[in-house]
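S.K.: With these hints in hand, go ahead and build the complete structure from the sequences.
Each residue of the sequence shown is one higher than the one before, starting from 1 at the first, in my numbering.
Everything labelled a hint here was simulated from the structure, so no lab data went into it.
Take the hints with a grain of salt, since some may be wrong.
Computed list of lysine to aspartate or glutamate pairs in EDC-like fashion (alpha-carbon distance at most 20 Å, straight line) [what the hints assert, rightly or not]:
| id | residue 1 | residue 2 |
| --- | --- | --- |
| 1 | Lys-158 | Glu-108 |
| 2 | Lys-318 | Glu-354 |
| 3 | Lys-201 | Asp-217 |
| 4 | Lys-87 | Asp-5 |
| 5 | Lys-87 | Glu-56 |
| 6 | Lys-158 | Glu-52 |
| 7 | Lys-158 | Asp-49 |
| 8 | Lys-230 | Glu-193 |
| 9 | Lys-286 | Glu-338 |
| 10 | Lys-213 | Asp-229 |
| 11 | Lys-174 | Asp-185 |
| 12 | Lys-174 | Glu-147 |
| 13 | Lys-75 | Asp-46 |
| 14 | Lys-75 | Glu-56 |
| 15 | Lys-158 | Asp-5 |
| 16 | Lys-87 | Asp-70 |
| 17 | Lys-366 | Asp-309 |
| 18 | Lys-174 | Glu-159 |
| 19 | Lys-365 | Glu-354 |
| 20 | Lys-174 | Glu-152 |
| 21 | Lys-68 | Glu-29 |
| 22 | Lys-86 | Asp-70 |
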Amino acid sequence: MDFIDEVRTRSGRFQKRIDKMADSEFIEEQTKTSFVLPFIQMLGYDIFDPLEVVPEFTADVGTKKHEKVDFALMKDGDPVLLIEVKKAGTDLGGDHISQLLRYFGVTEARFAILTNGLNYLFFTDLDQHHIMDQRPFFEFNMLDFTEVQVRELRRFTKEQFDTNSIVDAARELKYTGQIMRLLADELSQPSDEFVRYVTSKVYEGRATSGVRKMFTDLTHSAFNQFISDKVRDRLSKALKQENETADTMDDVKTQKWVSIPGYGLPGGSPPPVSIRFWDNDTRPVKVWYEVLTVTVDKVYGEGLIKMEDAPIRSNNRKAVYVHSEPVRQDGTAFRRYEKVGNPPLFVNTNLSGEQARNLAVELLKKCRIDPTTVHLEV
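M.R.: Listed below in structure tokens is the structure:
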């Protein structure tokens, strides 16, 4: 199961548990067992292995002894991620962040989570080393998330956990988020500083109070117009792409594709117009022998055959049809041939349509490619 599918499955279970508890209140221990431990499992950690997950991890602070953080995720014997849990429904922030900050400073962990079971706030120490930032760099809600957020969450899985890459991503997320909030504030209500900046760039006269008032309104209007134009442009491009895709699908519907071994006897019939390989790589074909030459070129380019494999002989007649030089097994020259690849291989093209088709099928099998995954367009 892909990670995003796992997250969606867990999200559905969390919603059902919330619905069942609608008339009662979760306590902290229920939050841990119903939400947080499944969340840790979702990240790939064994919640029953004390070498991976330590509950009630000791984080003594100064004269305060026996201080414990609810969970610590471990790597090579050291804590890498602290998790402090509050009961479901708790508004995270304020004193709860201060409490987690104290724990953070007395451990070696670079990351910490404050959670109420559904909402997870991720912290690190970007502003000052080993002192937890006051603001989270990432927030994940198990009942409301995007695919982009799931990709960020995946960094914290046991399989992908890497401190340096997470810190780099955290820095980008933090400052990108701050810039977006700043832009949103300016969009909603342009600040005096921003209006003065805009005015200085587009107005050459004296910036009186009336001019500033005018440019405050103009800046707000221009911002909204800019966003509207961008949205309209994105929608226009999306509709154009959708129409192009629909046209392409209509074209595909008019085509008849037949697998190479299922094509029948091609002798005397017109050649196919293209060949489509297992990875949807589609190439034109003009004459029957190109079914073989294009197939040789494909498998040679993919590294499925090499120069040292030459000469390559047919299964039945033992005749050479691919060689590092344009000669048969007896040393006589090919009557007709094509060169493919670099360094070149020489493909015998003095073949009937049926021979070209059958040798292409043989070659695919030699390369352990299922011939039915390669199709000819009639």
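S.K.: Quick one: which hint numbers does this structure break? Sort them smallest to largest.
M.R.: Of the numbered hints, 4, 8, 10 and 18 do not hold.
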